[in-house]
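Start from chain P and add chain B according to the hints.
Protein chains in written order, with the numbering used here: chain P, 1 to 423; chain B, 1001 to 1307.
Each hint should be verified, as a subset may be incorrect.
Covered by chain B, according to a simulated footprint, are these stretches of chain P (three or more residues, beta-carbon under 8 Å) [to be verified]:
hint, region
1, 41-51
2, 55-64
3, 76-86
4, 382-391
Label pairs and their in silico Cβ distance ranges [what the hints assert, rightly or not]:
hint, chain 1, residue 1, chain 2, residue 2, range
5, B, SER1150, P, PRO217, 18 to 28 Å
6, P, ASP403, B, GLY1092, 37 to 47 Å
7, P, PRO217, B, ASN1069, 28 to 38 Å
8, P, TYR244, B, ALA1114, 36 to 46 Å
Calculated directly from the structure, the hints in this document are not laboratory data. Note that beta-carbon positions come from the ideal geometry of N, C-alpha and C, so glycine has one too.
One letter stands for each residue in the lines below.
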Amino acid sequence: MAHKGTSLKLLLNKHPYADAMIADIENFKKMTGMNVTWDVFPEDVYFDKVTAALSSGSTEYDAFMTGAYMTWTYGPAGWLVDLNEYIKGGKAAPNYDWEGVLPGLRSSTAWSGKPGDALGGPGAKQWCVPLGFEANNISYNRKMFDKIGVQVPKNLPDMMEVAAKITKDSGGAYGIGVRGSRSWATIHPGFLSGYANYGATDFTQEGGKLKAAMNSPQAKEFTKLWVKMIQDSGPKNWATYTWYQVGTDLGAGASGMIFDADILGYFMNGGDNKERGNLGYAAFAANPKATEPTANVWVWSLAMSSFSKNKDAAWDLIQWATGTDHCMFGARKMDLVNPIRTKVWQDPEFKEKINKYPGYLDQYTATAPKAQIYFTPQPMFFDLTTEWAAALQRMVAKEIPVDEGIDKLAASLDKQLKENGLG
Amino acid sequence: MSDTTHSTPAAVSGPRSARLLPYLLSLPALLVCVGILVPFVTAAYYSLQRYKLSMPQRRGFIWFDQYWNFFNDADFWHTVYVSMLYTVSTVGVELLLGLGIALLLRERSKVNNAASVALLLPLMTAPAIAALMWKLMTNPGFGVLSWVISLFGVTDFKWASAPSSAMFTVVLVDVWVYTPFIMILLLAGLRSLPTQPFEAAKLDGVPAHFVFFRITLPMLMPYMVTATLFRLLDSIQQFDIVYAMTQGGPGDSLLLFQVSAYLDFFQYTNVGRSAALMMILWAITYALSNVFIKQWLKLRERTHGAH
Chain P
1 MAHKGTSLKL LLNKHPYADA MIADIENFKK MTGMNVTWDV FPEDVYFDKV
51 TAALSSGSTE YDAFMTGAYM TWTYGPAGWL VDLNEYIKGG KAAPNYDWEG
101 VLPGLRSSTA WSGKPGDALG GPGAKQWCVP LGFEANNISY NRKMFDKIGV
151 QVPKNLPDMM EVAAKITKDS GGAYGIGVRG SRSWATIHPG FLSGYANYGA
201 TDFTQEGGKL KAAMNSPQAK EFTKLWVKMI QDSGPKNWAT YTWYQVGTDL
251 GAGASGMIFD ADILGYFMNG GDNKERGNLG YAAFAANPKA TEPTANVWVW
301 SLAMSSFSKN KDAAWDLIQW ATGTDHCMFG ARKMDLVNPI RTKVWQDPEF
351 KEKINKYPGY LDQYTATAPK AQIYFTPQPM FFDLTTEWAA ALQRMVAKEI
401 PVDEGIDKLA ASLDKQLKEN GLG
Chain B
1001 MSDTTHSTPA AVSGPRSARL LPYLLSLPAL LVCVGILVPF VTAAYYSLQR
1051 YKLSMPQRRG FIWFDQYWNF FNDADFWHTV YVSMLYTVST VGVELLLGLG
1101 IALLLRERSK VNNAASVALL LPLMTAPAIA ALMWKLMTNP GFGVLSWVIS
1151 LFGVTDFKWA SAPSSAMFTV VLVDVWVYTP FIMILLLAGL RSLPTQPFEA
1201 AKLDGVPAHF VFFRITLPML MPYMVTATLF RLLDSIQQFD IVYAMTQGGP
1251 GDSLLLFQVS AYLDFFQYTN VGRSAALMMI LWAITYALSN VFIKQWLKLR
1301 ERTHGAH
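Looking at chain P on its own, in the form it has when it is part of the complex:
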């Protein structure tokens, strides 16, 4: 009880992973004698709040939820504490078991701060600690698939055929749900997972400088198929589709399948959703020549504010929230669907719970070895990835041919990289 009486304040996103933490927080308070309060914001405005709090140097929040991509902005800005100081600096509890966190997640949340350096590479700073994650795979409507007589697609060309058949034969539903809004969030789920599977990268490095690689032959091959798939079998108003629309359409039976976060499909299989109990899950390797999936991951994490006046106490909370005991609680009793620890995935009680969702555990097992962030970390991530999404929108709307659109995108990104000293 080294920090007994200390008050911590957290900034949290409204999410089942945060709900799990709040449900268990009394245990932390009893264990440490600390007082914990929190603010919860919906995701639409959450990161605006984080940016406003951190950029103003506010000491209000000691720790907050973040995605790994955000730390590529927050870290270089000097707003985050490098948690290696605690993890590797002898301040972690003996039973914390940092090595028990899935390796892809550990590396995905660590970066040196040098544009283009590999995540988790030499000199990487641990900007945040994973709390839970999402891998991108297929969630599909088993009932609809059986009725139409189609199988779960094995690769992207196959997915295009299956999606087209669903659109044609389902009597109203469209084939494939993927995100399409003018946001970086359109690129990171299914699109980047498939893109990486085709061997394409977002940037290459030449002499320490970044160069856009969206116009490589592999990238063009994949993007052409992706664009055609949306045009043929995606939602009609795809350009406004975010996580919510993709999910609710699947849950309502308006789409046959989605290539998005696995936990999105998980949540749509319960609650009041029309299709609850009808959904199945499958790992997905987009490239017919690929041997395994390359799921890009979104990692909900906890980070510590540089402006916190209670850093050691905040570390205790981060350590507890990402430790085995809370992780086990969240996975067994709450909706911490994708726990970060290998030990929890092997827990019989959790396995029994998750096996009620057909194929979920299998898709995780098949995906886990190569589940990681496939973006190149750099401080202009949001500018450039949003522009990528905007270019995709123009191509899907047939405003510009795919080849030309991609070339223009690459040229524009190269120009911006150069202007900012990165290219």
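This is chain B only, laid out in the frame that chain P set:
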């Protein structure tokens, strides 16, 4: 004696409070000015810097380079174009519709009074909520508007999802929300016009269109200018409807000033560019309001002269 004793402190405190009174009275205005000027000066200061939060090592004064770069930046001119198009389209349509409805409701009757109150309801809806309602209503799968147009054989209209129809869709939402604002101002104006010129025209048998163009419209002009000014200033600063419906897309089709500045700051943490965009928007807004206020003063003088 007692009078003198009592009057001495009053004589001292009286002039002091009298001296303080102007400062006290102007204090609220001063506080408001500080509240406006501090952010304004800060924004002006940031706009002269290369200042991206994620790249603190590159922060430095570039003076007017940011503004200069805008002039050679196709994206900036696109923002100017779509912002102007949005403003002119929304204000133009709202003015015509608002005037039409106000003319229809001009006569005082129970039905007209009830209708004018009912028509105000969209104005009570927060624009962001209105945008989300319209987003649902225009959903091709289950949206009521998509269903309505499908009855006329239009089955593939993509509303805000296609670059070709996105501007039309957000203008439609803006018109739905804000036409009542113009309608109620013009209705108040119409009902306050003097009756004598209209009675004289009626006695002389002047045709209706002549009355409208030569009497009603000129007399209503100060009200129209006022309504236009308010809407123009609001419309050029549009954010909520467009962001809630499209986030500025598809492509860059709806990257208005405020949307672009918001993305620059909150998404891309580019403080310098965001501040420079806002300064330009301020300059446009200031110039427009000056033109309109001058026009309004002229019209008011003319109207008073006519009286």
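>> Taking 8 Å as the Cβ threshold, is the statement that the region 382-391 of chain P is covered by chain B upheld or broken by the three-residue rule?
In response: holds (count 6)
> the region 41-51 of chain P covered by chain B? Criterion: 3 or more residues, Cβ-Cβ distance below 8 Å.
Replying inline: holds (count 3)
> Do at least three Cβ atoms from the region 55-64 of chain P come closer than 8 Å to Cβ atoms of chain B?
Replying inline: Since three or more residues must qualify, the claim that chain B covers the region 55-64 of chain P is violated, with 1 doing so at under 8 Å.
> So does SER1150(B) sit 18 to 28 Å from PRO217(P), Cβ to Cβ?
Replying inline: violated (42 Å)
>> Given a hint of 36 to 46 Å, does the C-beta separation of TYR244(P) and ALA1114(B) actually sit inside it?
In response: holds (38 Å)
> Per the coverage rule (Cβ-Cβ under 8 Å, at least three residues), is the region 76-86 of chain P covered by chain B?
Replying inline: Held - the region 76-86 of chain P has 3 residues with a Cβ nearer than 8 Å to chain B, which meets the minimum of three.
> Falls inside 28 to 38 Å, the C-beta gap from PRO217(P) to ASN1069(B)?
Replying inline: holds (34 Å)
> Do the beta carbons of ASP403(P) and GLY1092(B) sit within 37 to 47 Å of each other?
Replying inline: Cβ of ASP403(P) to Cβ of GLY1092(B): about 39 Å, so the range 37 to 47 Å holds.
When held up to the earlier numbered hints, the structure conflicts with 2 and 5 and fits the remainder.
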